[in-house]
Amino acid sequence: MNDIALTTGIDLMAWIETLFWIVIKIVAILIPVILAVAYATYAERKLIGYMQLRLGPNRVGPKGWLQPIADTVKLIMKEIIVPQGSSKLLFVIAPVLFIGPSFAAWAVIPFDAGLVLADIDAGLLYVLAMTSVGVYGVIIAGWASNSKYAFLGAMRSAAQIISYELAMGFALVGVLMCSQSMNLGDIVTSQSGGFLQWFWIPLFPLLVVYWISGVAETNRAPFDMAEGESEIVAGFHVEYGGMAFSLFFLAEYANMILISFLTAIMFFGGWLSPFEGYGWLDDITAWVPGTFWLLIKASCFLFGLFWLRATFPRFRYDQIMRLGWKIFIPVTLIWLPIVAIWIKLNIWPFNPV
Amino acid sequence: MSFQLIVFYSYAAVLIFSALMVVSSKHSVKSALFLVMGFVAASGIWMLLEAEFLAISLIVVYVGAVMVLLLFVVMMLDVDYAALRQGFVKKLPVALLISVLFLAVLYGITSSEEFSATQYVAPVAKAADYSNVKALGRVLYTEYILAFEIAAVILLVAIIAAIALTFRGRKNRKTQNISKQLEANKENRLKIVSIDPVVCDKEEDEEEMKTDEEASS
Chain A
53 MNDIALTTGI DLMAWIETLF WIVIKIVAIL IPVILAVAYA TYAERKLIGY MQLRLGPNRV
113 GPKGWLQPIA DTVKLIMKEI IVPQGSSKLL FVIAPVLFIG PSFAAWAVIP FDAGLVLADI
173 DAGLLYVLAM TSVGVYGVII AGWASNSKYA FLGAMRSAAQ IISYELAMGF ALVGVLMCSQ
233 SMNLGDIVTS QSGGFLQWFW IPLFPLLVVY WISGVAETNR APFDMAEGES EIVAGFHVEY
293 GGMAFSLFFL AEYANMILIS FLTAIMFFGG WLSPFEGYGW LDDITAWVPG TFWLLIKASC
353 FLFGLFWLRA TFPRFRYDQI MRLGWKIFIP VTLIWLPIVA IWIKLNIWPF NPV
Chain B
271 MSFQLIVFYS YAAVLIFSAL MVVSSKHSVK SALFLVMGFV AASGIWMLLE AEFLAISLIV
331 VYVGAVMVLL LFVVMMLDVD YAALRQGFVK KLPVALLISV LFLAVLYGIT SSEEFSATQY
391 VAPVAKAADY SNVKALGRVL YTEYILAFEI AAVILLVAII AAIALTFRGR KNRKTQNISK
451 QLEANKENRL KIVSIDPVVC DKEEDEEEMK TDEEASS
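These protein sequences, in sequence, are chains A and B.
Quick note on the working numbering: the first sequence kicks off at 53 and runs consecutively.
Quick note on the working numbering: the second sequence kicks off at 271 and runs consecutively.
With a Cα cut of at most 20 Å, we get these calculated DMTMM-like pairs of lysine to aspartate or glutamate:
#1 Lys300/B to Asp350/B
#2 Lys378/A to Glu453/B
#3 Lys296/B to Asp350/B
#4 Lys98/A to Asp123/A
#5 Lys200/A to Asp348/B
#6 Lys444/B to Asp370/A
#7 Lys361/B to Asp350/B
#8 Lys360/B to Asp350/B
#9 Lys396/B to Asp171/A
#10 Lys126/A to Glu96/A
#11 Lys115/A to Glu96/A
#12 Lys404/B to Asp171/A
#13 Lys200/A to Glu281/A
#14 Lys300/B to Asp348/B
#15 Lys450/B to Asp370/A
#16 Lys404/B to Glu320/B
#17 Lys200/A to Glu283/A
#18 Lys296/B to Asp348/B
#19 Lys77/A to Asp171/A
#20 Lys404/B to Asp238/A
#21 Lys404/B to Glu419/B
Restraint ranges, calculated between C-beta atoms of paired labels, are given here:
#22 Arg440/B to Leu118/A: 53 to 61 Å
#23 Arg374/A to Leu460/B: 23 to 31 Å
#24 Leu324/B to Phe364/A: 38 to 46 Å
#25 Met65/A to Leu318/B: 22 to 30 Å
#26 Lys77/A to His297/B: 35 to 43 Å
#27 His297/B to Val79/A: 34 to 42 Å
#28 Tyr411/B to Leu248/A: 26 to 34 Å
#29 Val79/A to Leu318/B: 22 to 30 Å
#30 Ala122/A to Val423/B: 54 to 62 Å
#31 Ala165/A to Asn458/B: 51 to 59 Å
#32 Val423/B to Lys378/A: 17 to 25 Å
#33 His297/B to Gly294/A: 22 to 30 Å
#34 Thr70/A to Val423/B: 42 to 50 Å
Footprint (simulated), chain B over chain A, 3 or more residues, beta carbon under 8 Å:
#35 175 to 186
#36 190 to 197
None of these hints come from the bench; they were simulated from the model.
Only a predicted model underlies this, so the values are computations on that prediction, with no experimental measurement involved.
From the three backbone atoms N, C-alpha and C, an ideal C-beta is built for every residue, glycine too.
The whole structure should be built from the sequences, with the hints applied where relevant.
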């Protein structure tokens, strides 16, 4: 009896230790993500400001650097109003359901060789699952609000996310074929050998499809039909205020950063240096940590998202559907056999080194 | 109790609870949401069986796509719940009888020799580098290729049949020809005509303005 208690006690200690380290790792990923989200909003407002010949936020702190903190404090202080006739529990759960998957997907993102929280073999599928589960937050928010505008936004968003998920999934099949693995770390290492070995060359059409579908999945302009300020006020989160709203906001930006990271990992060699195997260029950049390269690549795509928002007007709904179903899906379906033949013929960059 | 067992029983409890709520929930949208919760719990149990591909595809396909579309429909329905609940007491004995029969049959099957522990030995845990996805892909595309392709064709036929049966578009309806819209440019939309400017005397012009003002006032 005593013996059993002793062994379980040891087990329990080991569990607590593992749990402790996992929690520490989660915090170590989430705090930078949340900070990145806060300053992504600042960067977006500044960038779009400069693109439109304005200054952007410049009042709070030097050059407006404290603006995100001021915004956060404001959102925390605001009252959360639960509308009458709404489904109370679902109304409160919806933002949680939206932000949960968008944070959970970060578990499989490799920041450097071996620097990943969960090194799972089905990482690619996991990311796809997490991005598709996020739509529940939107739908439930739209329905539970008991408001026509919110409901319209939710309906639009559901149809849009499902349509673009198909194209996104097909684009990921191309990545899977090239790397022969669903582990995101293995996908990166299979691209090693300089920037000409990265998958953006053989999978260029899929890269374009993935990137634009990513913009559509995150409900960003020019695909922000779910929010559509000029038509349905703020779409699915029209009834939300204060922290409840800021959870939606946080999740949207976390999703944007996630999509940028995924594009960098799957098509642009993740943490790998672009100068790998280029003689002296490789030598003088050898000290640069892999995480730095990943951050540089991801921030380029994040900049692209801001740029798109400042440049393009909102799509018309039927054109969004046409682009998803009649252009993207056929493009991926045509490109996948081409890639299959390409890989089987062992032509560059798939020739064994 | 090992960690696996704790996880299994918690998922099983969630699964049973949500399955009960699917049938007993008063609102159809909530029922559908409980069904989603049931899928997630089932996927957790599959994950424990080391079937990670099936588990995640259950999430991607059923939770991420099928149930979203189902919710889409259920949310739009205008259901009269009071009318639905009428006759509950009258139908209750029949419903109870059917469910008891079903439970008995189910219990009979699962407790029979066919499904006993001797017929199905506990699966051996796979090595850490064992890839479920690769194994499944190999079998699907070699051994069961014919069955797999037939299933795909049946699904395709079902899709086309569903569209053919439900599509009732008018023959003469007006639609936008999007490629034609995209072709629109300055040349085929805008015609610039050069018109000679009309020159008149300055005094005459002022007089004209005066008369205009008088007319307007």
